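If you read the protein sequences in the order shown, they are chains E and U. Okay, so the first sequence: first residue is 1 according to our numbering, each after it adds one. Okay, so the second sequence: first residue is 288 according to our numbering, each after it adds one.
Warning: the hint list may mix true and false statements.
[Stated by the list, open to error] As a list, the in silico DSSO-like pairs of lysine-lysine whose alpha-carbon atoms are at most 30 Å apart: (1) K52(E) to K435(U); (2) K266(E) to K177(E); (3) K260(E) to K48(E); (4) K260(E) to K177(E); (5) K52(E) to K266(E); (6) K380(U) to K52(E); (7) K48(E) to K27(E); (8) K52(E) to K27(E); (9) K350(U) to K380(U); (10) K425(U) to K436(U); (11) K52(E) to K425(U); (12) K52(E) to K177(E); (13) K48(E) to K380(U); (14) K48(E) to K177(E); (15) K435(U) to K266(E); (16) K425(U) to K27(E); (17) K266(E) to K436(U); (18) K425(U) to K435(U); (19) K425(U) to K48(E); (20) K380(U) to K354(U); (21) K425(U) to K354(U); (22) K52(E) to K354(U).
No lab work stands behind these hints: they were computed from the structure. Computed from a prediction, not measured in an experiment: that's the story for all the values here.
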Amino acid sequence: MNMILRVVLYIVLAPIIGGLLEGIDRKISARMQRRVGPPILQPFYDVKKLFKKQVIIVSRSQTFGLIPYFFLMVLTGAMFFAGMDILMCFFVMSTAATALYFAAMVTSSPYATIGANRELIQMMAYEPAVLLTCVGFYLAEGTFNVSEIAASDRTDILFMPGFFVAFVFILTIKMRKSPFDTSTSHHMHQELVKGLTTEMGARNLAIFQVTEWYENVFLMGVVGLYLVNSNPMSIIWAIICIMAVYFLEILIDNTSARMKWQDMMKITWIFTLFTAGVNLLVLMLVK
Amino acid sequence: MANVKRSPWLLHYDGSSCNGCDIEVLASLTPVYDAERFGVMNTGDPMQADIFLITGGVNTQNKDTVKQLYDQMPRPKVVVAVGVCACTGGIFKDCYNILGGADTVIPVDIYVPGCAARPQAIIDGIVQAVELFEQRSKEHDEMVRNQKKGSEVA
Numbered sequence: 001m002n003m004i005l006r007v008v009l010y011i012v013l014a015p016i017i018g019g020l021l022e023g024i025d026r027k028i029s030a031r032m033q034r035r036v037g038p039p040i041l042q043p044f045y046d047v048k049k050l051f052k053k054q055v056i057i058v059s060r061s062q063t064f065g066l067i068p069y070f071f072l073m074v075l076t077g078a079m080f081f082a083g084m085d086i087l088m089c090f091f092v093m094s095t096a097a098t099a100l101y102f103a104a105m106v107t108s109s110p111y112a113t114i115g116a117n118r119e120l121i122q123m124m125a126y127e128p129a130v131l132l133t134c135v136g137f138y139l140a141e142g143t144f145n146v147s148e149i150a151a152s153d154r155t156d157i158l159f160m161p162g163f164f165v166a167f168v169f170i171l172t173i174k175m176r177k178s179p180f181d182t183s184t185s186h187h188m189h190q191e192l193v194k195g196l197t198t199e200m201g202a203r204n205l206a207i208f209q210v211t212e213w214y215e216n217v218f219l220m221g222v223v224g225l226y227l228v229n230s231n232p233m234s235i236i237w238a239i240i241c242i243m244a245v246y247f248l249e250i251l252i253d254n255t256s257a258r259m260k261w262q263d264m265m266k267i268t269w270i271f272t273l274f275t276a277g278v279n280l281l282v283l284m285l286v287k
Numbered sequence: 288m289a290n291v292k293r294s295p296w297l298l299h300y301d302g303s304s305c306n307g308c309d310i311e312v313l314a315s316l317t318p319v320y321d322a323e324r325f326g327v328m329n330t331g332d333p334m335q336a337d338i339f340l341i342t343g344g345v346n347t348q349n350k351d352t353v354k355q356l357y358d359q360m361p362r363p364k365v366v367v368a369v370g371v372c373a374c375t376g377g378i379f380k381d382c383y384n385i386l387g388g389a390d391t392v393i394p395v396d397i398y399v400p401g402c403a404a405r406p407q408a409i410i411d412g413i414v415q416a417v418e419l420f421e422q423r424s425k426e427h428d429e430m431v432r433n434q435k436k437g438s439e440v441a
């Protein structure tokens, strides 16, 4: 019963929280640039407008790619908050990302195609760290099960700080933030027009946006999992940690320039494999 | 304008201007003028844009581009001509390759004069465009509803 309640709460609240997070993101970014910035509810106005605009379809199969992207991403988060296998959650998330790749690829627009290719490279860059995170949880707790990890007496971050740093690092890629926003080219840099989302207009872009909110809430949930233990007070610490990590991502976004994909691959692999790898060795030796 | 529930996304195209107006358009997004507080976003993608900002006159080479960009934008949409060149052709009016203002190719809704148009004037033009956009959205919703009704009857 409790499990069903958590899943329903995720499905209902995740877009609201995700939208608010994006609104806060835009506001804080504006303040960092000494601007006033848009209202916090601006992302909701954007999505509402997008749903009402005329639908111009470049390729019908694009919607066919976007709908699995949406549903698989919701499924990922639902599985996570239901307390199922964390490894499985990340596998479903990768499948969702592949669906997005196809949605961008089928339009055969040069900008969307380059964006989709870059998205694949990004997946290649962050996937080892994601798998290592799961391995880290297994070594620290002896289980892949999210509900068992959350209900144990240990605070995982004390056992796996290296994994945590690696996960926060790849979060920048996952959230499509600068310096790793190569696939969608956010903000003002438009050498790829809008990259992956170039051929998505109106309703399709709104679906993409809402899916990103679901994804962000799921990723923030994983950040929280590092701190949550059997003590209910730990949830408050988890929320504080999530806010700190989110602020850090905004700060990185606003203070760094775009990176070439070659550098992104090198830095991400070296950094995440090093931090997570050292942590992995220590955990294995101590056990 | 403090708490408007709007989200105008701009598409900015430079016809054959001297670039003065383009710099002013970008200036209106900088910290001093901060057009983003009205929800304005500068998107480079006609598929996602609501307001078409055009600077500079239209010449024989770019008239098809301007028309295509306009056609690629989904309804409802608003066109703003920024600067005197986009309004009438301006100082280049009598050049052999200039057709005239943007309205020689596409329907222009709002004219922002000036050489170069000041950021304040551009933001004022955008704000007026947003109001017009709001009105067009309502008409568009009405049209969609009528179409749905029509298809049910048929």
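Now the hints, each set against the structure:
Note on K52(E) and K435(U): the hinted pairing holds, with a Cα-Cα distance of about 14 Å set against a maximum of 30 Å. Using a Cα cut-off of 30 Å, the hinted pair K266(E) and K177(E) holds, with the two alpha carbons roughly 17 Å apart. Taking the CA atoms of K260(E) and K48(E), the gap is about 34 Å. The hint is violated against a cut of 30 Å. Annotation: proposed proximity of K260(E) to K177(E) holds, straight-line Cα distance about 14 Å (limit 30 Å).
As the CA atoms of K52(E) and K266(E) are separated by approximately 43 Å, the hinted pair breaks the 30 Å bound. Proximity of K380(U) to K52(E) is assessed by CA-CA distance (about 39 Å); at most 30 Å being required, the pair is judged violated. For the hint linking K48(E) to K27(E), the alpha-carbon distance of about 19 Å falls within 30 Å, and the restraint holds. Between K52(E) and K27(E) the alpha-carbon distance is near 25 Å, which keeps this suggested pair within the 30 Å criterion.
Between K350(U) and K380(U) the alpha-carbon distance is near 15 Å, which keeps this suggested pair within the 30 Å criterion. Annotation: proposed proximity of K425(U) to K436(U) holds, straight-line Cα distance about 17 Å (limit 30 Å). Restraint check for K52(E) and K425(U): the C-alpha separation of about 10 Å stays at or below 30 Å, so the hint holds. Under the criterion of a C-alpha separation no larger than 30 Å, the hint pairing K52(E) with K177(E) is consistent with the structure, at around 28 Å.
Among the hinted pairs, K48(E) with K380(U) is inconsistent with the structure: their alpha-carbon atoms are about 41 Å apart, more than 30 Å. For the hint linking K48(E) to K177(E), the alpha-carbon distance of about 24 Å falls within 30 Å, and the restraint holds. At roughly 53 Å between alpha-carbon atoms, K435(U) and K266(E) are farther apart than 30 Å, so this suggested pair is violated. In summary, the hint linking K425(U) to K27(E) is supported, as the alpha carbons are separated by about 29 Å, within the 30 Å threshold.
For the given pair, K266(E) sits about 57 Å from K436(U) by alpha-carbon distance, which is inconsistent with the 30 Å threshold. Restraint check: the Cα-Cα separation between K425(U) and K435(U) comes to about 15 Å, which is no more than 30 Å; the hinted pair holds. Taking the CA atoms of K425(U) and K48(E), the gap is about 13 Å. The hint holds against a cut of 30 Å. In summary, the hint linking K380(U) to K354(U) is supported, as the alpha carbons are separated by about 20 Å, within the 30 Å threshold.
Between K425(U) and K354(U), the direct Cα distance comes to roughly 25 Å. Compliance with the 30 Å bound is thereby established for this hinted pair. Between K52(E) and K354(U) the CA atoms are separated by roughly 23 Å; this keeps the pair inside 30 Å, and the hint holds.
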